[in-house]
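*Asks:* Sequence:
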Amino acid sequence: MSRSIDHVLLTRFNLPSLGTESYVRAQDGWLSRRLDLFEEFCLPSVRDQTRQDFHWIIYLDPESPDWLLDRLNDLNSPRIFTPVFRTAVSAADRVQDLEAVTGAAGKTLITTNLDNDDGLAADFVERLQNLPNSHSRSAVYFTQGLIRHGERVYARKDAANAFCSVRESWDDPQTCWADWHNRLGLSMSVAEIGGPAAWLQVIHGTNVSNRVRGRRIAVGTEHILRFGSLLAGVENPSKAALLREASAGLYRGARDAARSATRDTIILLAGKDGLDRVKTLVRAQANALVSRK
Numbered sequence: 000m001s002r003s004i005d006h007v008l009l010t011r012f013n014l015p016s017l018g019t020e021s022y023v024r025a026q027d028g029w030l031s032r033r034l035d036l037f038e039e040f041c042l043p044s045v046r047d048q049t050r051q052d053f054h055w056i057i058y059l060d061p062e063s064p065d066w067l068l069d070r071l072n073d074l075n076s077p078r079i080f081t082p083v084f085r086t087a088v089s090a091a092d093r094v095q096d097l098e099a100v101t102g103a104a105g106k107t108l109i110t111t112n113l114d115n116d117d118g119l120a121a122d123f124v125e126r127l128q129n130l131p132n133s134h135s136r137s138a139v140y141f142t143q144g145l146i147r148h149g150e151r152v153y154a155r156k157d158a159a160n161a162f163c164s165v166r167e168s169w170d171d172p173q174t175c176w177a178d179w180h181n182r183l184g185l186s187m188s189v190a191e192i193g194g195p196a197a198w199l200q201v202i203h204g205t206n207v208s209n210r211v212r213g214r215r216i217a218v219g220t221e222h223i224l225r226f227g228s229l230l231a232g233v234e235n236p237s238k239a240a241l242l243r244e245a246s247a248g249l250y251r252g253a254r255d256a257a258r259s260a261t262r263d264t265i266i267l268l269a270g271k272d273g274l275d276r277v278k279t280l281v282r283a284q285a286n287a288l289v290s291r292k
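Residue numbers (numbering that gives the first Met the number 0): 0 to 292.
What the hints contain is simulated information worked out from the structure, not anything from laboratory work. Just so it is clear, the structure is predicted and the values come from calculations on it, not from any experiment. Each residue gets a CB set at the ideal place from its N, CA and C atoms; glycine is no exception. There could be a bad hint or two in this list.
Unchecked claim - What follows is a set of in silico ranges between Cβ atoms, one per label pair, in the way DEER data are often shown:
{"hint": "1", "residue 1": "65", "residue 2": "239", "range": "46 to 56 Å"}
{"hint": "2", "residue 1": "73", "residue 2": "149", "range": "22 to 32 Å"}
{"hint": "3", "residue 1": "78", "residue 2": "217", "range": "33 to 43 Å"}
{"hint": "4", "residue 1": "238", "residue 2": "81", "range": "44 to 54 Å"}
{"hint": "5", "residue 1": "129", "residue 2": "158", "range": "13 to 23 Å"}
{"hint": "6", "residue 1": "46", "residue 2": "103", "range": "24 to 34 Å"}
{"hint": "7", "residue 1": "185", "residue 2": "103", "range": "23 to 33 Å"}
{"hint": "8", "residue 1": "171", "residue 2": "237", "range": "49 to 59 Å"}
{"hint": "9", "residue 1": "232", "residue 2": "100", "range": "31 to 41 Å"}
Stated by the list, open to error - SDA-like, lysine to any residue: derived pairs with alpha carbons at most 20 Å apart:
{"hint": "10", "residue 1": "156", "residue 2": "168"}
{"hint": "11", "residue 1": "106", "residue 2": "172"}
{"hint": "12", "residue 1": "106", "residue 2": "156"}
{"hint": "13", "residue 1": "156", "residue 2": "96"}
{"hint": "14", "residue 1": "106", "residue 2": "171"}
Modelling step: build the complete structure from the supplied sequences, incorporating the hints.
*Replies:* The following block contains the structure:
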């Protein structure tokens, strides 16, 4: 680990959750499927980083089943992540855990959010640590990434994506979990970094809130070099398929803009808790309709 930088990836694996997420996570097979995705995408992407000067904390429910803990223990050989068991992670808990794994010896602390079903480009950590140092706390986003949905891959530009990082000093650290990933700019400066795709988001049946976005692409050598096995089994589209996807992309863009406007209005009027209450109500109504059929 560089003496000047303490870098920690933060992953919520199966922390107990309230609100709309609890409906999805309570479904049979959710945890087993998440473990499969973790093993297929998340874990290899971290193991394959071109720079290994970082730590990785994975938060787990203290009541996690033995089969999950046994499998994670097997996957963690050689050791690459530190499991931490908590029912919730407060700001104070987070700082305590960061200090425990790093020793807090660096001048700069970098924290990066990584969902357990997504992956990083092989040079994500290296690119992030090589950025010029900032004298103030800042949220850092690599804006270009890929979205995988089954055998299809989409290029996506997202200026406030979930693969957010925060660079700061150890003086009262806020970390990348200080707020929702798309709201960090409300409390700190933001650096948007372009360049090649830096992350891979996986869309699947157990996603809580993600959906297909972006423009479908043919996967080339440059993508394989950056993402390796994360792109195994993808299907490159024909020219006709790309034209059809272009039209679908316009629809998805309009749909997402409408959803974002609705979400922003709810947050403005009722706050983040209000948004979660609306999501919970919608999910409950949907489940009720399904149960009547």
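*Asks:* Residue 156 and residue 168 were given as a pair; does the straight-line alpha-carbon distance stay at or below 20 Å?
*Replies:* Violated. Residue 156 to residue 168 sits at ~29 Å, over the 20 Å cutoff.
*Asks:* Falls inside 49 to 59 Å, the C-beta gap from residue 171 to residue 237?
*Replies:* holds (54 Å)
*Asks:* Per the hint of 13 to 23 Å, is the separation of the Cβ atoms of residue 129 and residue 158 within bounds?
*Replies:* holds (20 Å)
*Asks:* Hinted pair, alpha-carbon criterion (20 Å max): residue 106, residue 171. Please report holds or violated.
*Replies:* holds (13 Å)
*Asks:* The hint says 23 to 33 Å between residue 185 and residue 103; measuring C-beta to C-beta, is that right?
*Replies:* Given about 26 Å between the Cβ atoms, the range holds.
*Asks:* Given the hint of 22 to 32 Å, is the C-beta distance from residue 73 to residue 149 inside that range or not?
*Replies:* Cβ of residue 73 to Cβ of residue 149: about 27 Å, so the range 22 to 32 Å holds.
*Asks:* Take a look at whether the Cβ-Cβ distance between residue 46 and residue 103 falls inside 24 to 34 Å.
*Replies:* Given range 24 to 34 Å: holds, Cβ gap about 25 Å.
*Asks:* Using the Cβ atoms, figure out if residue 78 sits within 33 to 43 Å of residue 217.
*Replies:* Check passed, 38 Å falls within 33 to 43 Å.
*Asks:* Are the Cα positions of residue 156 and residue 96 separated by 20 Å at most?
*Replies:* violated (32 Å)
*Asks:* With a cut-off of 20 Å on the C-alpha distance, tell me whether residue 106 and residue 172 pass.
*Replies:* holds (12 Å)
*Asks:* Verify the proposed pairing of residue 106 with residue 156, using a straight-line Cα cut of 20 Å.
*Replies:* violated (31 Å)
*Asks:* For residue 238 and residue 81, compare the CB-CB distance with the range 44 to 54 Å and indicate the outcome.
*Replies:* holds (47 Å)
Checked against the numbered hints given earlier, this structure breaks hints 10, 12 and 13; the rest are met.
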